[in-house]
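K.L.:
Sequence:
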Amino acid sequence: MKQGLLPRLNAVMACAMLQLAPLEAEKEAEVSLRQAFEFLNQKLKPPFVIRNLTSDEYLQLNQALVYGVLCEPSSARVHLKHLHGIVSDGYACFVGLLVKIVNELYTQLVGEVKLQLVWIVKEMIDVSAVGIDALISSLLRRIAGGDFSEGNLWLCYEMVSVLCEKWDWLVKEEPLVVPCALFVFLRVLSDHCRPSLSDAKIAPLRKKEIDFCVRLLREQFHLCFKIGRDLVRILQDLGHVPAFCTILKDLFLTPAAFRIPGFSDIKQLCRMRTSSRYFVLRVTPEMEAQLRFLLTYVKFGNQRRYLEWFSQKFLYGPEKEVILCDIVRFICCAHHPSNEIIQSAVVQRWVVIGWLLKYCQRNYEVANFKVALFYDWLFFDEGMDNIMNIEPAMLLMVHSVPQYIDVTRALLEFLFFSVDNYNVELKNEINSGVTSAFRTLLRKGVVRSLEVLTSCKLLHPGLRERLQLFLKPTDHVKSHSLLSPCSLVPCVGTERLALEGAKPKVIDKDQSHQEPREAPGSPSDVQVSPSILIENEKTPCDTVETMCQTLHDNISKSYVMGLRSLEDLLQLLAEIDYQSLPGNSLKDVFNKIWKDFESNGHVLFYSHSLLMKDAAGDSEFQSATALIIRKFIFSPNKGMLELFSFVLREGYPARALILFYAVRLAYEAHVARTENLVDDKLKCAGDPRIVLLRFHIDGHLRRKKMENEHEVAPELNSEKNLLDEFVGGAFAAYQSYLSYSRSTLKNGEDRTLVELLAYDLLSCFEWDHSRLSFKIGSVFSFLPDLSVGQEVIVRLIVIRLSYINMIDLQFQLGVKKYAVFGDNADAILIIVKNSLTWNSAEQHKLWGLLRSELAVSDLKVERLVLEFFGSEALDANISSVAVEGLLTLCCCRGPTPELVGAIVLLPDNCFQGFSAAVLSTWAASSSSFLFNSLANLAEKLQNPNGDSLLSESGITMNQSAILWILNYCKSHVVNFDIFRKLSSIIPVEPL
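Here the sequence shown stands for residues -25 to -1, 1 to 966, where the numbers follow mature numbering (1 follows the signal peptide of the UniProt record, and there is no 0).
These are calculated hints, taken from the structure and not from any lab test.
Keep in mind that the hints are not guaranteed to be accurate.
[What the hints assert, rightly or not] Once the Cα atoms are required to be at most 27 Å apart in a straight line, the calculated DSS-like pairs of lysine-lysine come out as:
id, residue 1, residue 2
1, K75, K288
2, K808, K791
3, K183, K201
4, K242, K224
5, K224, K97
6, K242, K295
7, K288, K2
8, K288, K274
9, K75, K176
10, K182, K808
[Claimed, not checked] Restraint-style ranges between C-beta atoms, simulated for each label pair:
id, residue 1, residue 2, range
11, R26, E357, 53 to 63 Å
12, S50, R279, 21 to 31 Å
13, D186, R279, 22 to 32 Å
14, I235, G437, 18 to 28 Å
15, L34, G86, 21 to 31 Å
16, S901, E440, 31 to 41 Å
17, K176, D517, 32 to 42 Å
Even glycine gets a Cβ: it sits at the ideal position worked out from N, Cα and C.
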């Protein structure tokens, strides 16, 4: 009888720790713990007998204590005291057993055991147990991607809470855990920051994760830096989150803000290969075991059923596709088979990756997958990177010909598109990385040749020609793009997913059954509601409440109807005194607007709200976000300022979107003006290039109609002035909100208005890479007090603009359309001196702009020349680009007496031939003007007695200038009067 009861009692005990199916076998790891607990149960109660234990006894006692701590919460502290009394190895055995439980049994642990597991982790941290880092890492691995179940979200919350609570221990005692935790939570945040998620379910966790990651990046970046280039990749996935967008911008523009000695360039991070241990963190132990078994033992041809088992277990379910990029990175970077396996019939890694590719259903998932596959190609360095990381992509492209030619074509197109567009400032380095990847793969024999691709008639000739460029025996593939040291732009955040046009869109629910989107103000939308405030019997609060309900009802029916209701509501908020609303009513209204649109699949003030395009062109400009910005531009009153303040407080890029609207409006007004696309009745042609202008004019006409102004069509010449008023009004609204947001919201209290403008302008660049020179020009034209002569704006220009855009900008400066530097010589001199620390490409661009503007300005260049060459910090290596720029600038200016005097009297330093080169150029182009100026200089340097003042004042002439003048006088017939005057200050030999 007793023998029959024992198995059943054991089964009951097993259920206390694990959830097992009725016919499922017991787990060996759990059985050993339970048996130890049962054997030593009487000895686990006080008073404890402390004595020397053998190794086997010590192991058995630790097993019993582990089981007791996890399965007997009421006695857990007693067991823990017992452990403190007998420990002799720094808790290594105890923690090792916990690690084994997490790795082998976690998915089947009952809820109470999981709670105890988190509790004992905190206790082990407090005693700095040996192996606690491995336990933390094991638990972090259990946070699954694409899993929004309560259990997974609970584990996320508990782990981030533990790490926040034990912050000092984390950064001081276990610095290796920091990058692991950051990597995991940044990847998880890419799931948790999706706009479609319920705030009530995820918001507290998301905030805690964001705060933790931001604090690590800001305070412990020297530890985060160890992640390597994949840190940039995962941060780019979060570029739409304001907190991480700011971090990315600091990485691009001001890497010194992270206070790491020697870190001055984001390229340093991109050159660092990410360790395989980080990729292991993003696959669970079960996934790792199945993948390694598949890639180690399964023969090619038998892999189908194993792959199907894998997909059924790990890939089926909503949002599970997000883990595909993590699996790809694991296969490429963490599983490197031996040569024996590679040469055997075992299924190869490229086969599994090709099979996983078919599970990507949406465009941005496909783009993420391909970025994960090719990411190491973009920065490949044979001396630092492992060829096994890039091998799968190469073999997949080669082996897909010809049966799966679409796969080869898509991968090549993506790779070449990435080279050109992933980051235009790093195009040279990316070119070099991809070129190195191809050549290393060929030289190492991964593929014998690429003829299968270069001669494949099924591939587009352009693809084959482009591929051959990378195989040419040159140092690098030539590129016309700037190699910038501090601007890895992704495309910030989700902008990286723009590769292949795969931007993540917010899809309307049941989109196929909804009405097509129309522009507010299109022919079907010409009727205007009567004045909103005619219902005198209602209070403003009642009217607002009614209109909010109308918006709620209409947006669920049709997006167009929702836009109409939103415009009426905005008109009401612009007309009434918002202070008449009680309490937080205005904030409540804004919350309702946001929730109504988001619940129907439309995220307001998302970073792509004014950028995303559909097949018809730019119809997304006729969006709720554009509608709100338009209303603010026309009515920048206190109520609308409060609305945008609410938007900014919620973390949306409101300020940058207003600027984006303004610069786009400026461009379209320019196109309409130059090509006469707007007639004297303010009717626009149906040109897709002026869709935002049409939208803006429509708002103007509707506003006039509401104000009962019927004469809204001025004559043609005044209409052109009206276009300028539209653009000027948009920039004025932006500037007013810029000042308001800084002074009222204190969100930029540590930055000046100019720095905030630079950040907003950078966001505009990241959202849309086209027409950059025009965007810059419109800012200098309409916001000169915030942009002209400002170093941070100039630095942004030389970093972000390509050479072709710089040339266009120089053309505009040459015809004095606007100014970049202005007439403040002190500000220009500061920029020039500070530019000596920039890289050569940036300095060349700076001097191109300076030359174009100062060549046609009235600014006195001589002060710039004298103070620059009089600087004690002048260095032949550092200052060479600046000296070249000054040389070209001086040569294109006329030899006025003041400028000639500055050149002749320059001190002798490491650039001794400068003065002679300038004088020689002037002699060839304006010799009489030059020597008249020299004669005037000689008169000024003579005292009343006719003697030279140089020796009296201690001033010396430049030696190269003296030699050039002497040689010129010997070889040319010089006017005698001029020669006589020069002789008074220069010892000229008789001719």
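K.L.:
Hints first: check each against the structure and report whether it holds.
P.N.:
Consistency of the hints with the structure:
Restraint check for K75 and K288: satisfied, since their Cα atoms lie roughly 22 Å apart, inside the 27 Å limit. For the hint linking K808 to K791, the alpha-carbon distance of about 25 Å falls within 27 Å, and the restraint holds. Between K183 and K201 the CA atoms are separated by roughly 23 Å; this keeps the pair inside 27 Å, and the hint holds. Between the alpha carbons of K242 and K224 the distance comes to roughly 14 Å, so the proposed pair stays at or under 27 Å and holds.
A hinted pair counts as satisfied when its Cα atoms are at most 27 Å apart, and K224 with K97 does not qualify at roughly 36 Å. Among the hinted pairs, K242 with K295 is inconsistent with the structure: their alpha-carbon atoms are about 32 Å apart, more than 27 Å. Our distance criterion of 27 Å between C-alpha atoms is met by K288 and K2, whose separation comes to about 20 Å. Note on K288 and K274: the hinted pairing holds, with a Cα-Cα distance of about 21 Å set against a maximum of 27 Å.
The straight-line distance between the Cα atoms of K75 and K176 is roughly 31 Å, outside the 27 Å bound, and the hint therefore fails. For the hint linking K182 to K808, the alpha-carbon distance of about 43 Å lies beyond 27 Å, and the restraint is violated. Evaluation of the 53 to 63 Å hint for R26 and E357 yields a pass: the beta carbon distance comes to about 60 Å. Evaluation of the 21 to 31 Å hint for S50 and R279 yields a failure: the beta carbon distance comes to about 51 Å.
The supplied range of 22 to 32 Å is broken by D186 and R279, whose beta-carbon atoms lie about 46 Å from each other. Between I235 and G437 the beta carbon distance is about 43 Å. The supplied range of 18 to 28 Å is therefore violated. Between L34 and G86 the beta carbons are some 28 Å apart, a value that agrees with the proposed interval 21 to 31 Å. Checked against the hint of 31 to 41 Å, the pair S901 and E440 fails, with Cβ atoms roughly 49 Å apart.
Between K176 and D517 the Cβ separation comes to about 33 Å, which falls inside the hinted range of 32 to 42 Å.
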